Amino acid sequence: MTQPYRLSAGGRIDRARTLTFSFDGKRYTGHPGDTLASALLANGVHLVGRSFKYHRPRGILTAGGEEPNALVGVGRDDAHFTPNLRATQVELYDGLTSESQNRAPSLERDYGAINDVFWRFFPAGFYYKTFMWPRKAWTKFFEPRIREMAGLGRSPQTPDAARYAQRFAHCDVLVVGAGPAGLAAALAAAKTGARVILCDEQSEAGGSLLAEPDAQIDGLPAAEWLKTALAQLAAYPQVKLLTRTTAFGYFPHNMIGLAQALTDHEGERSDAQPRGRLWQVRAKRVVIAAGAIERPLVFPDNDRPGIMLAEAARIYLERYGVLPGRRALIFTAHDGAYRTALALHRAGCAIAGIVDLRPNAGGPWVAAAQKAGLAIYPASTIATTDGRLRITGATIKPIAGGSGQRVSCDTLLMSGGFTPSVHLFSQSRGKLVFDATLDAFLPGAPAEACSVAGSAAGVPSLAEVLASGAEAGAAAAGGSAVSYQVTNAPVAQGGFIGAVPYHGDPGSVRAFLDYQNDVTAKDIALAMREGMKSVEHVKRFTTNGMATDQGKLSNMNALGIMSPVLGKPVPAIGTTTFRMPYTPVPFGYFAGYARGELFEPERRTAIHSWAEAQGAVFEDVSLWKRARYFPRGSEDMHKAVARECRAVRNGVGIFDASTLGKIEVVGPDAAEFLNRMYINAWTKLQPGKLRYGILLREDGFVIDDGVIGRITDTRFHVTTTTGGAARVLTMMEDYLQTEFPELNVWLTSTTEQYAVIAVQGPMARKVVAPLITGADISAEALPHMSMVECKIAGVPARLFRVSFTGELGFEINVPADYGRAVWEALMASGKPYDITPYGTETMHVLRAEKGYIIVGQETDGTVTPDDVGYAGMIGKAKPDFVGKRALARKAFAEQTNRKQLVGLLTDDPTLVLDEGAHIVADPAQPKPMTMLGHITSSYWSETLGRSVALALLRDGRARTGEQLYVPLATGNARVSVVAPVFYDPEGTRLNG
Amino acid sequence: MDNLAETTSLSRLFALSGQAGDRRCRPVTGGARFSLRVKQASLGAAGEALGLDLTGPINRAVSSGQRTALRLGPDEWLLLLAEADAASVAASLAQRLTDGLYSLADISHRQTGIALEGAAVTDLLNGGCPLDFDLAAFPVGMATRTIFFKAEIVLWRQDTARFHMEVWRSFAPYVWSLLANVGREYAD
Amino acid sequence: MLLIPCPYCGNRPEIEFAYGGEAHVVRAADPRKEDDAAWTEFLYFRKNPRGDHAERWRHAFGCGRFFNVKRNTYTDHIEASYRIGETLP
Ligand SMILES: [Zn+2]
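Protein chains in written order, with this note's numbering: chain A, 1 to 992; chain B, 1 to 188; chain C, 1 to 89.
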């Protein structure tokens, strides 16, 4: 017989359609409207997991997101697999494939259950003490074993095949929870014309009304009222109802994170549409109507499959038409469990008895149970339960003492009352206030523009829940609340926190408190014996509340256990702070679209497509893709770079320098502004001239460099490093706006306005000149470090005579759309000279041969202009520039032995030193050695036929001629200290 | 500035070349752009030179014929012009603002335009832009610099369901791909 | 994510802004007149209060302006924002 526990009528499932699904390889059936949990229960399956630490058999405990036991993996294959889903929230679809977790080889026969036999050796905090000795055993033995045993679920190994969407949204009122309070709040807010977002984690809106067969609202059965309320909301165009949407995080200034499941319920999805959407909602006001969560009772062996929360059992009955068992024992301190007992009784489930901790429980629900003839045991407790993979019975004892009575049952339904869901409110940093009559923390003064309504605020009856929702919604939107007439919904009261009196040896029983982390009442007692007094310490020692459910079921009971032992009232012990996420959110939601190529922008120059077509190898430089070298045939990088270097030194090379940062500095005070920013003097630089500028931070250290051209008296073309472009512009804006607002000068980023093509080498002029109109670029008319505005192939250009290679060179700035065409024109013009495209690697080698620094390579944020030998560039007459005063400090000025830029030549000319390697005077000295400096750049120089290196060396310039050592993995390399210019030190080639 | 088409035979390679787009998302190529910076005292004169009222509020567009000025900050405008108009705009500003207390920088090639249109246009933008596109918060005629995923953009609302986006050229393919990616969720 | 009131653009989301550190750290008009101790203080020493803090932000993906904000570092509540050159309200 299929679905033996499914009732023939009732609930919100569609019996006309049957769905097939599998759990641990076994096939079952269910119906649309089921969750995986309700469908398993309909098939009589309670055993769904093994516990985290002791591997105890566990069953479905709840009907919602607070579920600690029924954690399952779902998905047809590894690319669609999600571990650790709560079966109570997984909507059933045809063909659903699911598996249990934390068991091997099967749920019924789990080797890890050995932990349960030896449970006494695994008390709280055991891992802080146990694995200290011997030290090596930790990595070799304990850690691998623990890793194998611990953790819930398995991580998929293939990339997630699903797409994930993201959306920013704004509203006047965000209502979290679409139960009666949330619906009333949304209706009241919507009436004012406000933009409302109403979200609910469940598949349909309604909350408690989805399992409410008795109550009437405004004369309608609750389910009918729900329909009309939803229809009213749907009629407002400015109201958005998001189901399957969990408000998981409350961030400052009313930013709420929502995780909306879009296709998980639809079956084997196609991946065309996103699986889920992360919403970042900015709400003017938030109404939290998140409801309340039923508490378990803490009694010995309260974790056997078949033991369930009473309200959950009622939801399975009313919403899904499922009986949790055939013979149920009720254990409660709250009237709600009587309602469950009555409903089950009516549906044909035998009630083995109602065990009530309270001596004189009364009220309408108790009276109804009495009238129905159900056996009630007041002032009684449950001392133990039996059954291995399913509960088979329990022993009832009077609290006052006396002999126990075993009753058999296949289900035990418990209720310790309800804990308001204050998680989001707590995340918003709102203060919680303890209510002693409810034994609950309630929302107090809010820290954000939010309010809490309904049972999340501790409101007891349906009538009051609706009223509080309507009031909160109206207040949030500035409207007026309507009132609702509610009949046939008697209030249910009661509750208990802590461990129930159970008359056993406290050392030999296990009464579970935190099901997900396997924390027992005894563990809490142990923590306090070991000196933990604060709830935060107890939490960390025992891990109570530290699982993904964040103690939704256990926090209040932990406080209830601590309070009498510490002799302090609950509020004096405090409660822990809740963090996001409210329930786990798959990583994909946070990644969103930012995967693969869209992870971050990949910036390409206007010439990139040409280099790509030539087979260039690219490297990442900040967000840019830059051509590193252009291999021909089977060349490796070494060969390609050697060829490219030879071409530039002997003929002509062409290089894409477009990524250099560029800033247009314009205004009457442009030169004065640059005087204050850069170390150099700018006033006397004539229009048409270039100067190499060094920029310091205020603390005196080099932060950027670049060539600056004066276009006119009032217009400069500033270049920066590729990586420094944004930083330099921001720094300049900062000084301009906050320190020098009196200067009439403006800054515009022109990095992307121009494609920049460097043509370098003795033949460079022969390549460029034929394309130029409107300027004379002869050596006389356009000497090194000058510039001219002209046209190249008819395209307006800023032509810089500048070199970062040590050869005759030009850098041609053209409007970017023309970059590729001008490049190709230059390639054509250079054909007779075998013009050779070169990449960043060759550029690095050529500049290192000349001793030109690269900021970020020769400098590391602690290097002054003098350290790199550039002190001569400082404009001595200037009263001030950024970093000047810092360099003048006595501590700086008197410091000797600073690291200075030097060149190093290895004794072995074929040895290329490792960049970053250290320099020492005596490699035989005892370790740790005295480090004199480090290698900053190191290359094979094709031009010189040997290796060259730049280094920062203590008192380096004074050490010229000394022989030092660089310890390498391959041995100690002896090096000679030389000046940091290896090629053409006179600079004659530049002026060619 | 010259009219380049008349002086060079070289062809332009636009930042989004090869992308045709569709009705709701389409590259806007060509056009001239300047970043204009003007001191408060010269707003009137600069406005007269351009034939545009620059004294309006920050984050608003003013247009006249094919000239548009988007006020992006207290002293900053993005001028969107026809290419043939660029030289005369530069000249008339130079003529009127003789004290030189302004800055005009050619950024025609720095960025490119994307036209966005359709009933889902604000949903599309909200995939990666954090602004509120309710008409009360972002009315027609509003223009502002903002962010789309990890790219800086300028957004100008030309009509209820029509936007013009400006994006730096090397970020354009990234923005374009994301628009297409987000767009897969919306029918229109 | 904060909602930051730009004095030029109004309330805008935090991701449009860049943080700029403590406000009202004035760079002396003539640094030569500052002694080493004063300059070291200017360079390296900043407040780190739990509570009200005057700090700089830049509306980097917006109007581009630097401005000052009075924010409570514990509650994140922003009490005021004001332009460079204006005094703390
Ligand atoms: Zn702003």
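If you're looking for bench data, these hints aren't it; they were derived computationally from the structure. The model shown is predicted, which means the values in this text are computed figures rather than measured ones. A portion of the hints provided could be inaccurate.
Said to hold, decoys possible - Derived coverage of chain A by chain B (criterion: at least 3 residues anywhere in the stretch with Cβ under 8 Å from a Cβ of chain B; other residues may be distant):
no., segment
1, 583-597
2, 600-606
3, 659-670
4, 784-795
5, 810-818
Glycine included, C-beta positions come from ideal geometry on N, C-alpha and C.
A quick look at each hint next to the structure:
1. 583-597: holds (count 3)
2. 600-606: Coverage by chain B holds for the segment 600-606 of chain A (7 residues, Cβ < 8 Å).
3. 659-670: holds (count 4)
4. 784-795: Check passed, 4 qualifying residues.
5. 810-818: holds (count 4)
Checked against the numbered hints above, the structure breaks none of them.
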